[in-house]
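There are 2 protein chains.
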Amino acid sequence: MPSPLRNGDLRSPAVVHHRQIPFQSTVSEQKLRRLNALILLLRFAAFCFSLAAAIFMASNSSRSQGSPSWLHFPSFRFVLAANSIVSIYCLFEMCASIWEILKGETLLPEPVQLWFDFSHDQVFAYMLLAAEATGTGVARDLHGHGACDAAGAFCVQAYISVALGFGGFAFLALSALLSGFRVACFVITGSRFHL
Amino acid sequence: MPSPLRNGDLRSPAVVHHRQIPFQSTVSEQKLRRLNALILLLRFAAFCFSLAAAIFMASNSSRSQGSPSWLHFPSFRFVLAANSIVSIYCLFEMCASIWEILKGETLLPEPVQLWFDFSHDQVFAYMLLAAEATGTGVARDLHGHGACDAAGAFCVQAYISVALGFGGFAFLALSALLSGFRVACFVITGSRFHL
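So the protein sequences, as listed, match chains Y and W. Going by the working numbering, the residue at position 135 of the first sequence is 135; the numbering climbs one at a time, nothing skipped. Going by the working numbering, the residue at position 144 of the second sequence is 339; the numbering climbs one at a time, nothing skipped.
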């Protein structure tokens, strides 16, 4: 007589199939929700950093006659523009994520949304890195030429803005990795999360 | 009497299984080989561009007394260093790819090789972009301050080097996308290529 523990083996394949599918999809859904929450968190961090960087750079104008302004440096204008674009993009993406959490479906059709997220994350991460790199070069030159002696506050504020921008880049690059993984999942398995 | 065309449906599941597996794995292998060849091609292009950029920058020293050299500009030193590192890395990766094609197995253990490829592609692409962005900033400033009037050849050679470096970055970024897809395949399905 078979032991009670082995009774399960006698079920027909159809029954096994019916019992496993809801379990597996619940686990997948939970993982997908966790991945989406992590991406939302990273986007929120990128938003905070890039917004702070943009505000620091935009408010770095001449307090007194003759002191420098960010407007005089094309690289600092690039830093401001890149940080502004990234913060607006992150805000939009956060709204889309919250919409998805509340409504249970993506704002755009699912494949479009996935490719949109990944491509914009990646391109904006590259753009932000390029802006911060040129900003660093100019900020270092400022220091070298002694311009910081006359306008110490300007230099310090520029440094802080560039450093905050690098923070924004780091979070956006991590978010690009995760959304890239989501796209790869979709391409390979046809669903957004499957492990 | 069943038609001869439907005879195949009467095979036992075991036979179908045995017949399909080699077919499927051959298709996968063919796709993997094509993907590897594409990555090898992209790495070769990145190698050519970054090596040319490094040579152009390194040979951009003072031909006459008093004319500028790349050694005087920290950003140009960064451009030379980044391009040199990327070209050495691409050479190593090309050797690893050719080893894999000849021997049929990866140089390092498979998961290590996949993660090594992807992480280095991504990090070096970011590094190269940062170098080229600072190099662009400095090259543009050179032109603005009229230094190019006295040393036209120096400026032109610096521009060419930076432009070649951007080409290298583009190919390396594409290669990072593909090797990232390969890693995601491995994480999701346990094999490097599965569609």
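In short, the hints are calculated from the structure, not lab data. Remember, it's a predicted structure, so these values are computed and weren't measured experimentally. Where a beta carbon is used, it is the ideal one built from N, C-alpha and C, also for glycine. Among these hints, one or two may not hold up.
[Stated by the list, open to error] Simulated coverage check for chain W against chain Y, where a stretch passes if three residues somewhere in it have a Cβ under 8 angstroms from a Cβ of chain Y:
no.: 1; segment: 328 to 335
no.: 2; segment: 373 to 386
[Stated by the list, open to error] Just a sample of chain W residues kept apart from chain Y, beta carbon distances all over 10 angstroms, derived:
no.: 3; residue: ALA232
no.: 4; residue: ILE250
no.: 5; residue: PRO269
no.: 6; residue: SER270
no.: 7; residue: TYR321
no.: 8; residue: ALA325
no.: 9; residue: VAL351
no.: 10; residue: ALA368
message: Using Cβ atoms and 10 angstroms as the threshold, tell me whether SER270 of chain W really stays out of contact range of chain Y.
response: 5 angstroms, violated
field: No chain Y beta carbon within 10 angstroms of TYR321 of chain W's
entry: 6 angstroms, violated
Beyond 10 angstroms from each Cβ of chain Y, as asserted for ALA325 of chain W: 4 angstroms, violated
task: Mind verifying the non-interface call on ILE250 of chain W? Its CB should be farther than 10 angstroms from each CB in chain Y.
output: Consistent with the label, ILE250 of chain W stays out of reach of chain Y, its closest Cβ about 23 angstroms off (over 10 angstroms).
field: Least C-beta distance between PRO269 of chain W and chain Y, which was stated to exceed 10 angstroms
entry: 7 angstroms, violated
field: Three-residue Cβ test at 8 angstroms for the coverage of the segment 328 to 335 of chain W by chain Y
entry: holds (count 6)
message: Using a Cβ cutoff of 8 angstroms, are there at least 3 residues of the segment 373 to 386 of chain W near chain Y, or does the coverage claim fail?
response: Three-residue rule met by the segment 373 to 386 of chain W, so holds; n is 7.
field: chain Y versus ALA232 of chain W - minimum CB to CB distance exceeding 10 angstroms, so not interface
entry: 20 angstroms, holds
field: No chain Y beta carbon within 10 angstroms of ALA368 of chain W's
entry: 7 angstroms, violated
- prompt: Was VAL351 of chain W rightly flagged as not at the interface, with every chain Y Cβ beyond 10 angstroms?
  reply: For VAL351 of chain W, whose nearest Cβ neighbour in chain Y is about 20 angstroms away, the distance exceeds 10 angstroms, so it holds.
Consistency note: the structure conflicts with the earlier hints numbered 5, 6, 7, 8 and 10.
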